[in-house]
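Asks: Each chain, letter by letter, is given below.
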Amino acid sequence: MSTPYSKHLGPRSLRGLTKAGDILIPGDETLPSFSQTPCLAEMDRMADWMTPQDRGGFKFLTGLFSYMPSALIRGLLSVADRADSLPAVIAPPFRLINVGVKGVVYTLYYSDLTASRSLRRELNWSTRCGPLPSTPVSEQEARIKEASQRARAGAAVLRKLPVRERLRFLAPLKEVIFRNQDRILGAIQLETGKSRSDAYMSEIFAVIDHLEFLSRNAETYLGDRSMPSGLALMGKKSRVWFEPLGTVLCISPWNYPFYQAIVPITSALVCGNSVLYKPSELTPMQGLIESLLREARIPEDWVQIIYGDGATGSKLIDERPDKIFFIGSSRTGKKILEQAARHLIPVELELGGKDPAVIFADANLDRAAAGVLWGAVTNTGQSCTSVERVYIQEGAFDAFRDKMVEQANLVVQAIDKDGSADIGHMTSDAQVAIVAEHLADALAGGAKLLTGRQWERKSRKIPPLVLIDVTHEMRIMREETFGPVIPLMPFKTEEDAIRLANDSEYGLSASVWSKDIKRAERVARGIVTGNVSINNVMLTEGNHALPFGGAKSSGFGRYKGEFGFYAFSNMKAVIIDADSKKIEANWYPYTGPKFRLFEAMTRGLFGRGLGSLLGFAKNGLALESLSQKPRGKA
Amino acid sequence: MGNSDSRTPKQGDFDIIIAGGGISGSWMAEELTRAGRRCLLLEAGKHYPEDAYPSEEIDANSELYWSGGIEFNTAADIGMLRPKVVGGGSIVNQALVDRFDDIALDSWRNRSKVDFLSTSAMSEWYDRVEARINIQKIPAEFRNGNAKIFEEGFKKNGYQCAPLRRAQKDCKYAEGNDCIECLAGCRVQSKQSTPWTTLKRALDTGLLTLLPEFEVQAIRETSGEVQVRGKSSSGMIREFRAKKLVLASGAIGNTKLLLESGYGAGLPHLGHGFYTHPQYMNLAEYDFEVNSHKGPFQAFKSDDPGFREKGFKLENVFAPPVAIAMLLPGIGRRHMDLMRRITRYACIEVAVRDTHAGRIRIAGGRAVIEKSLNAEDIKRKNAGLEAVARIFKSTGALKIIPGNVGIGLHLMGGCAIGNDTGTSVVGPDFRIHGTKNIYAADSSIFPDAPGINPSLTIMALSLRGAQEVLNP
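From first to last, the protein sequence lines stand for chains A and B. For the first sequence, our numbering gives the first residue as 964, with consecutive numbering after it. For the second sequence, our numbering gives the first residue as 28, with consecutive numbering after it.
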């Protein structure tokens, strides 16, 4: 792949320039070094205008630098910096080296480029030029407009970087997260109320795992691909190129505020997009993500965080990002889709779920109960993929119920600092109210609450709530509860289980438990859902190589895994043909004889056997030859 | 903007060709079209719409100047900024307009023996120019920290300073404009750059065809007409003819063109007498935020008879980050630490009224500029630096960082005006000696360095020169 950074400077010169740049600008605690910014991508904004002699000299000099050890370059630049103290005879070339190298390095770094907006802040430098806008806008509106502009500028820079370079900029983030994990965990727990172990496993560990997957696979999946051209297009090259979309707007909810920030942001970024991120107003974690990105030296314009509510999200959509990635409730998802439809912005929606667990009698019930318990109450039930309906085959129902009650009562609930709690508290009072409503509705319909009777329906400390005698008419079996509820319902046959599992408007994930893998697979295939774990629960999303997304009202689109790369890319189909004299068969003129040949060739192309192949070859060649003749001669 | 760039000019359409669309070329164009002449203005640089001037230093430096930025003298200790854009210097300058005084014009008159180079004779032309442009001084309440330090330092040392006169209409300071970006083209149509003043009026007559991105390469005069050959932006070579030709591409441009077209043989003084008012910017660090980049970044000049006699002047001035980075010494962390204090720097530049003539030659198709400071010029520079040091010290500067590279913004001479063909290139009638129909009235005709900003005088000379061009 050719060097993307400059039409004029080859990889050697760019390498030498990078070395010199890092000597001149080594970076410090808050400012990046020369190579820690993407400013080299702007090289041609200068090189295009240099005289051929100056450019040649510069290429030669920087080419030399690529061979020289850094200490020698430093010595040379130091001498050049003090050229005036050299004898007049030899000063001029050193002065030219001084101005030439510094001129390029300082212009690239200190010019008002995307990487250096933070620079301008560090230097306390700001200038304004131009008439004021005629209508006064609110600060938030101004912030949204400015951020969108900067996102577009950032996208323009990212477009020039190959995947490898984008990964280079992302690479420090992993270490930064490790270094700051206590601070991150503290922020997560403070705003969500979850247990420390929940926070660690689902947000720190999972995020690092995702970053690993990105760094190991991005180049593979985003690289240019050769595709077959087939017989009809033989000799032409067919390719798929994966290119950035531009700016991606990510809107995330409050249940996994760190994971659902970093994963969409870095996925979009690695595909070459700039990101505008709006966290939930319930868990803004103000300043946290920015500080991590800054520590990782990721250029500011590449990822911008805008705080606000739905109205802010709506204004961000009106700025017409190139794609919207939304994780949240189905209700909000519909509103976003409506608004995006007006601008024809593609949208990926990761919405709610009412996920079933199907347990067959032949499954190991202790294990299934442990798994289903975790699936139902992890993160205090506030997962889109949490188990919210449990179907147990009749013969095993009582035993499973008893195990579930026993294990549920052992769950330790606290907002701990040392990992000793299983689950924490609920995050929002609004959601607490919904849990209370669903519970009341179920009990009114005849359901029985077997655990958690101590919950007084108001506090956020909702314990696991095991219910039996539930029906599909109850809200708790139809609407997303998003709390630690475990409603149990028996079923008879495999077909029943599938029918019951599918009796929902949602289809995000499901789990099937059985010793008989073949049966488990049958059921898994029968359920209309985006993710299935067999003899496990909520595990597909733990494998970052697998795609994630829902069916039905749980949304559409997939992110993560190989397919996540496609979600944030513009897949460009390319055919490369040679510039020859040949006139294609499908070009004019169209004549009777040509038509008949085309017919004959088509039969040959799509027929079977050697005869067809020969027919295709014979007629195809005749057609090609005829196509070179102009009308009247064909 | 008139019928300019879209029309493809044809041969034989024009009375007068103007080579160079800077200040002189623009004013010439207005005068000549007013008098009914059909003119073709050829400019090597681009023609920008008002709001599209490059706003980032990387583009401004690359796109608005010849050679993508700076051109150096042979010793590489003076960097010259030669604008390459429609509007020329009026796009990238600070629009400081001052009439020449007796000291400047007397020296010219003595050297050139051209009578009208006097304050009395030139006064009428200055009047005419000033009638057509807006001139303002920066009001006291908008003078920034840098200007205040300048003024205070002058007072404390008994030096005389005066507010700058700028060719500007309405910089909207009250709305919080900080126009250090003015150096890359004014985007609020305040600076009186020619594309929205004199050049616009010329285009509005319908008699001017403006061809930007066209580089004139050779000129020729035959009986009754002039021929101009050059290269368009697409690389095509084109030739134009007219009755008369005005050279307005500046000291280096005019000299190079005449030399490459073979006029050097008959003009022994061609390329000689090159002056640049070498400027040295000096920074000083203070223990408070000076914010020299805010608001109008130039407000005062020195107006001191002592300085004038000693041959230098001082201006408070600043520059955008890249330029400041180039001024600061050192590399690596040391340099970064200095850059971090950018908002604590005040800046005063010393402009030397240079006496040591330089020379412009051509070699290998490029202009080679021999220019250095002789003992007298160095003395003048040091006198200026000494005054600057006093001003900074007396106002509490913690540290002074002298500028090491001389900057040449006023490119003057090479085609000096005069009566004697041995020591001048252009006659009192603004015609190139030995030619019938080739004229010049821009800074290339300056006989020596005046020590005062040249743009107003270029305008005045161009107006006067236009009258000569209009003579049959």
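Hints in this document: simulated from the structure, not taken from any laboratory. These numbers come from a predicted model, not from an experiment. Don't be surprised by glycine CBs; every beta carbon is placed ideally from N, CA and C. Be a bit skeptical, because a hint or two may be false.
[Stated by the list, open to error] Here are the simulated DMTMM-like cross-link-like pairs (lysine to aspartate or glutamate), alpha carbons at most 20 Å apart as the crow flies:
1. A/1455 <-> A/1361
2. A/1123 <-> B/86
3. A/1123 <-> A/1047
4. B/406 <-> A/1011
5. B/258 <-> A/1361
6. A/1481 <-> A/1459
7. A/1108 <-> A/1007
8. A/970 <-> B/86
9. A/1123 <-> B/83
10. B/73 <-> A/1547
[Stated by the list, open to error] Facing chain B, according to a computed beta carbon distance under 7 Å, are these residues of chain A, among others:
11. 991
12. 1059
13. 1070
14. 1086
15. 1090
16. 1163
17. 1270
18. 1488
19. 1491
Asks: Against chain B, is residue 1059 of chain A within 7 Å by beta-carbon distance?
Replies: At 5 Å from the nearest chain B Cβ, residue 1059 of chain A passes the 7 Å test, so the hint holds.
Asks: Need the status of pair residue 970 of chain A, residue 86 of chain B: alpha-carbon distance at most 20 Å?
Replies: Between residue 970 of chain A and residue 86 of chain B the Cα gap is close to 17 Å, so the pair holds against 20 Å.
Asks: Check whether the Cα positions of residue 1108 of chain A and residue 1007 of chain A lie no farther apart than 20 Å.
Replies: Answer violated: residue 1108 of chain A to residue 1007 of chain A is near 28 Å, above 20 Å.
Asks: How about residue 1086 of chain A: closest beta carbon in chain B under 7 Å, or not?
Replies: The hint holds - residue 1086 of chain A has a Cβ within 7 Å of chain B, the shortest such distance being about 5 Å.
Asks: For the pair we were handed, residue 1123 of chain A and residue 86 of chain B, check the Cα-Cα distance against 20 Å.
Replies: Given that 20 Å is the threshold and the Cα spacing comes to 18 Å, the pair holds.
Asks: Holds or violated: residue 1090 of chain A as interface residue toward chain B, Cβ cutoff 7 Å?
Replies: Holds - the Cβ of residue 1090 of chain A comes within 7 Å of chain B, reaching about 4 Å at its closest.
Asks: Given the hinted pair residue 1123 of chain A and residue 83 of chain B, is their Cα-Cα distance within 20 Å?
Replies: holds (19 Å)
Asks: Run the distance test for residue 1455 of chain A versus residue 1361 of chain A: straight-line Cα separation, threshold 20 Å.
Replies: holds (14 Å)
Asks: Holds or violated: are the alpha carbons of residue 258 of chain B and residue 1361 of chain A at most 20 Å from each other?
Replies: violated (93 Å)
Asks: Between residue 73 of chain B and residue 1547 of chain A, is the straight-line Cα distance small enough, at 20 Å or below?
Replies: violated (42 Å)
Asks: Restraint: residue 1488 of chain A near chain B, CB-CB cut 7 Å. Satisfied or not?
Replies: violated (57 Å)
Asks: Does the structure keep residue 1481 of chain A and residue 1459 of chain A at a Cα separation of 20 Å or less?
Replies: Roughly 17 Å between the alpha carbons, so the hint for residue 1481 of chain A and residue 1459 of chain A holds.
Consistency note: the structure conflicts with the earlier hints numbered 3, 4, 5, 7, 10, 16, 17, 18 and 19.
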